[in-house]
Every structure is written in structure tokens, then in C-alpha cells.
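Modelling step: build the complete structure from the supplied sequences, incorporating the hints.
Chains as they are written, first to last, in our numbering: chain B, 89 to 502; chain H, 89 to 502.
Any given hint might turn out to be false.
As the list claims (entries may be wrong) - Computed from the model, here is a short list of chain H residues facing chain B with C-beta under 7 Å:
| id | residue |
| --- | --- |
| 1 | Pro162 |
| 2 | Ser168 |
| 3 | Ala253 |
| 4 | Asp260 |
| 5 | Gly381 |
| 6 | Ile382 |
| 7 | Leu383 |
| 8 | Ala387 |
| 9 | His389 |
| 10 | Pro449 |
| 11 | Val472 |
| 12 | Gln477 |
| 13 | Pro479 |
| 14 | Gly483 |
| 15 | Gly489 |
Claimed, not checked - EDC-like mimics (lysine to aspartate or glutamate), calculated; alpha carbons at most 20 Å apart, straight line:
| id | chain 1 | residue 1 | chain 2 | residue 2 |
| --- | --- | --- | --- | --- |
| 16 | B | Lys267 | H | Glu138 |
| 17 | B | Lys209 | B | Glu181 |
| 18 | H | Lys293 | B | Asp486 |
| 19 | H | Lys172 | H | Asp482 |
| 20 | H | Lys414 | H | Asp191 |
| 21 | H | Lys293 | B | Glu181 |
| 22 | H | Lys293 | B | Glu146 |
| 23 | B | Lys293 | H | Asp482 |
| 24 | B | Lys446 | B | Glu146 |
| 25 | B | Lys469 | H | Asp486 |
These aren't lab readings, by the way, just hints derived from the structure by calculation. For every residue, glycine included, the Cβ atom is placed at its ideal position computed from N, Cα and C.
There are 2 protein chains.
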Amino acid sequence: MSNRNMIIGQSGGPTAVINASLAGAIECAFSLKEIGTVYGMVNGIQGLLEDNVIDLNERFENNLSRLNRLSMTPAMYLGSCRYKLSDDESEYEKIFYALRKYDIGYFFYIGGNDSMDTVDKLSRYAIENNIDIKIVGIPKTIDNDLMGIDHSPGFGSAAKYIALAVRNVAYDTSIYSIKSVHIIEAMGRNAGWIAASSVLARDSKNVAPHLIYLPEVPFSVDRFISDVKEKLSEYNSVIVVVSEGLKDENGEYISARNSVDKFGHVMLSGTGNYLKNIVEAHIGCKVRALEPGILQRSAGHTISFTDMTEAQNLGRVAVHAAVDGKTGVFATLRRISDNPYSVEYDTEKVSVVANAEKTIPLEWITANKNDVTQEMVEYLKPLVRGAVQVPYRDGLPDYVGIAYLDMKKQKYTD
Amino acid sequence: MSNRNMIIGQSGGPTAVINASLAGAIECAFSLKEIGTVYGMVNGIQGLLEDNVIDLNERFENNLSRLNRLSMTPAMYLGSCRYKLSDDESEYEKIFYALRKYDIGYFFYIGGNDSMDTVDKLSRYAIENNIDIKIVGIPKTIDNDLMGIDHSPGFGSAAKYIALAVRNVAYDTSIYSIKSVHIIEAMGRNAGWIAASSVLARDSKNVAPHLIYLPEVPFSVDRFISDVKEKLSEYNSVIVVVSEGLKDENGEYISARNSVDKFGHVMLSGTGNYLKNIVEAHIGCKVRALEPGILQRSAGHTISFTDMTEAQNLGRVAVHAAVDGKTGVFATLRRISDNPYSVEYDTEKVSVVANAEKTIPLEWITANKNDVTQEMVEYLKPLVRGAVQVPYRDGLPDYVGIAYLDMKKQKYTD
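So this is what it looks like as C-alpha cells:
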């Protein structure tokens, strides 16, 4: 087999460990004689179409400590895009023209369901047109809603973030002997995995979160009010975690409701703020809503070791699969056991994951719909384990600079 | 000198390192023959009045690893109160009756300006009434607005939190090649120290935050719009940090303004959300507001080593001062040099700090009022330095359980 080049890109929304998959893939490629130069698409497929391509050997081959730091740099070194492939034949021709220009034999795309759809389409086009380029996906998403994989890289670190935040808030709000409610809104439109992960904040010293509401089951405002009242009768400080995507019995998003404050002003707000107004109006104690937003997916300084390691490994598995001749697949992992935690790596057809969505099994939600079961805890526990020794400089994480800055500076001294 | 007991309490709002001051004071007291039993007031002065007092020797004397973990537990182990001493003589009598009951010779109160006012009043009452109890303050506040001290314990960790958040958000928002604005609202009503600390997010690889607005200078919406437009002409992703307490030329809080969204709905919101609506209306690019809120003061897992160590030392200094016969003072630190960073510890009369407020010197704010100077950076840099090796269990920080739980369980096994 002759030596061919590889190209890799990132797409969709960021996670704290997508760069770990990138670093794993690059490091593996450097070690394989079948692969020549390693190129990166800056801003995904869109960058490829605009010839926004950089040489990753130049940037990392003689600087393995920098490659190591790349694994601990959040978001996307190569930038992202939200580019939906059209059915226009000429678009495919442009993409494969660009790939031929760089003598690409191996193409990797790190992303979620949409990106896996791109992998599916490109690999089918290559096969149909007898183009010898292996096209392989590497999964990522904080939402954990990908099919065909036990859990998504990026999710473990988001889960850890929300558990950390809830535990810290539980301490913070415990200090006064007055009644209060804190509502923390977690990311997740249709799948409640991140909100559910807040359960890990509990330990022998902390019972918060007291209530967890997920989008997998219909949300009732009346039941919410009575749940909160019941918890307030037992605890001074009640912490409630809600998914941003809570829906009512009619399938309407709670966040789409306008609420009216005590002055009669209409408030447009998210799920957490809507429920804050409900508590104010119906219970009347001190109440705050917290929405960590994109902090949940970008906390590079508190990534889970399990998550980072698995993200790296999936990058390596993808590169090996392509060199072994596989195409139209993505790197995946299957859980062998919870305790001791163990996974096996493999590949799976991308058609399994493209355009599908995995939600929480209903049997992992308690009967009263305001908490999760012990099975859910066992599933989540290993995913947040292990602290990563992120390198620090002047008291802050010393991340790798992102690629578009690299391009401006043309020097990679850090 | 006969052996007398000591009592310690915490008051006001939480920080991530108040328990480090508590741990420092307890550890020092255990080592001094002048001090007998170490008691804690649960929920400050209010707890003392309600005889809500716990024995800290029982809980920590034979468990020094637990005392060590107490330094790395956020918020307040002993709980807090917001109790303003009245001028009523009988209230003082009740307090000193309670102190006599426990044979207290040394009284310590960890708190901000209000708490130092309490220390001032109690110490003057004791002197006037010939009561031999030494009353000493230990300072804390995330706001860094205390007079008589170079910087307040708790501030360094809040500064670190905001710098971490801004650096992570800078990476997260850099991924798309479209124009966007992110507005991060930092705590601080009258003093902009926390917002200013976001400057530390900058390094050789990241220029964010692009704009910083502080409450020390009047805020102009027109200038804000032109500043943001100018930055957008140079950068795709612009990150703006604002203090919650921004005021206009008339001294009115920006957060008090109602804004009207694109549908004509009146929005009641904080400073960040108001400015988000301004950007939407006047610039029209993608814009998000982020308000980390109490996460800024409760992030026990990312405390600054400098901050934690100084908080511990101030606890020790206070105990030594009381045993040396001082009263009506608080433990303080003075900076000797920035580089190498060095401080000296001392005590200062509490009257210096009570009911006063330290804001940012105007010469540390740039002439165009949207950034801070290099002097500010030099002042801030040492305060966030050093990562603390917080003990983890199952991937999450293993904090000490708070005192009111201790009281219920009456066992301290962790």
C-alpha cells in the first residue's frame, strides 16, 4: 500500500475534549507508515471548500508536549462549521477535487449526528465513484444523544461540570437558616443526560440536587410546585435541576411560555427563569435561577480523565480503521462492565448514528418523575472519574492557541 | 495567664476560602496552651444568641486531615447570618452572658465590613464594661472592597474563577467564522474588582476579554455600541465583561432599566441581559449574555493557592493577636512586592474597615473606560497563582460536610 495523506476536521458545537480526539488521531497518524502528511481543515468542510487547510505535522510533529496540551484544550483547535451537504453533484465534485489536490487517502470528521450524516454521504459518493478515500467519523457531543455508542465523548466532562456546579451551589446556599430555592438550568433540548448527571453531586455529606426534571417525561407545573413545597418542609435550601428542554403535557417547551412578574411585566426567558417566577408567585421564598450555559461545555480545566482518554482513543481507533480499509464507519465504544469500569473499542456504520437521537430510558427516571434511579447513577459514575493534570501558567490553564491564530502567526512557540 | 476557651463564627456572604481562615484559626488554637476548648457559633452571632454552639475540638482535634480538607471546602462550615447589632444594651448583655457560659476569652468573627462593625461594637462594649474577652476580626469578601488590607481573602479565588470562565468562553466562541458577541456579567455592585480580574484570561494565545466595563466610571450605552462595533471589525468573536453594578452618567444602575425586545415585550433583567438586547437592537449579530452568579464565589474546586494560604494565615494571625492581648482589631496583610510576590501580616483597628468600601483607583482604568491598565494586571496576577490539590472522590471534590449536618449526625467520619 502506498503512503497517502490524511485530513481531519471538526464540526458542530464544541465540547471540552474534542481536541483530545484530534490529538489522538494526529498522534496515531504520526506513528503509522501508511500515512504521509496530516492536514487539518479549518472550519470543517467549509474550510476545505475554501482551501483553508493547514499542515499539522509542521505544528505538532516535533512538539509532542504541545500535542499533549492539545488534548487539554477545550473547544475546537481547527474551528467548526454548520454546513449541511446539499444534493448538488457539483458540491461533491468540489470536495473530492480538493481532497485529490492534497493526495488525501484518509478523511476524518469529528462531530455529532449531522457530521456523521456528512461522513455517510461522502463515503457513499466515494464508493459509487470508485474514489479510493476512506472516510471515517469520530463522535462527540456533550448531549450524549448519539446512537451506536455507550456514551458520547464530551458528555463525561459536561456531566462533571454540572455535578461540580451543583455541589458547590449546595454548599453556597446552605449557609443561611432561611428558606430558599435555587433552580439550575442544564443544557439538553430533547435528551436530559446533562441534567440527570447532577445526581452525582450527592454524596454522604450533601443531598442536593433535591429535585431533577428531565425532558423525557411531560412536565407539570402543579406537580413542580407541590414537589418544591414538600422539599422545603424538610430542607432550608432546596436545589432543583431542570433541563432547558422541559416540555408540558402537550409537548410545548416550558421555555416558550411568557411569564408575568409581580409588576405585571411580561418576561421572556428560559426554563429556569420561568420556574423561578413560578416559585416566586406560588411559594414566595427567596429564589434564584442559574444558567451556566456554554460554561458547561467549555470547562477545559475540569475535564474528566475518563472522558479525555476515551476521546483520544476514539481518534486512534478511527485512524486505524481507515488504514485497515474501513469507510463509512465511526469509532465507537461499548461498555463491558460498570465495576470495574471497562470498555471495548470498535467501529460501527455511520448510518446507525446519523440523524437519530438517544434519550434517557424511561425506567431510569423515578416514578414520581422528579429524580433518577440508581441504575442511572451506576451508568454515570465512571464517566466523570479522574482529574486531569492540566498544565497551568500564572494560575490559569495553559491551552494551545487555536489554529486560525496559528495561521496568522506562522510560528507555534508555546 | 490562665487557660481560656475561644469561640469563632462566620458571617455575611460566602467565598471559596472562608473555611481556610476557620481551619487556620482552629489549627493555631490547637497549638497554643493559652487556649482551651475551641467552640464554633453556628450561624454567627444569631447562633450564639440561640445557643447554637458546637465543640470544634471534638470534630477536628484528632482528625487533622479533615481539618486540612476544611481549608478546601467552599462557603461556610459554620453557616452564616446577616445580623445587625442593635444599640439595645440588653442584646449585648445576652451575648456576653452566652460567652461567659462557655468561659470564652477569645472571640473571632470572619466576615466583611458589617462583621467588622460587629467586632468593633463588641470590643468597645467589653472594654467599657471591664470584660476580659479579646475580640478580633478575620476579613473575607469576594468583592475586594475592604479598606485596610491589600486585598481580601476570597477575592483571589473569585478573580481566578472569572478569568477561567472568560478564557474557556473565549475558546468556545472562537469556533465559527461568524460575528458574535458574548457578554459576561461579573459580581460587584460598587467595586469592579471581579470584572477587572477577567483581564487575566488574556495570554499570548488569547486576547479576550476585548472590553471590560467597571462601575467606578459612568457607563455610556452609545460608547458601548461604538466600542463593540469597533472590536467586531477586527475580531469575529467579541467578549465583553461587565460589572453587575454599572451605572450611567446620572448614577442610575443600568440593571434597573427595562429593555424592550424585538417583539416589543418589556424585559426586566440584569446588566448583561440589558446590554445583550442593546447589541441585538443596534448591531444585530449573534449575542449571548452569561451570568455565572454565585458560581463565582463557590467554586471550591478551583481556588487559588495564594488565596487559600493567605486566608489560613489570617486566621492564625488573628488567634495570635488575641492571645497577645489585642482586641478590636482584624488580621490584615500588606504587600511588600509584586515580583517576587511577598506580603507581611499584621493587625489593624477594625474601625478602619467597618462600613467603608474600597473601589478601583481611577488611574488603573484606561482613558477610554473600557479596559484596565498594566498596573492593575500586576496587582492581580499573584492573587490567582497556584492550583490547590483538592482531594477528589469519584471524580468530584471531597469536601467536609457542613456543621448543621454534623449536629444532626453527631459523628464526623469522612
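* Unmet hints by their number, sorted upward, for this structure -> 10, 12, 13, 19, 21 and 24
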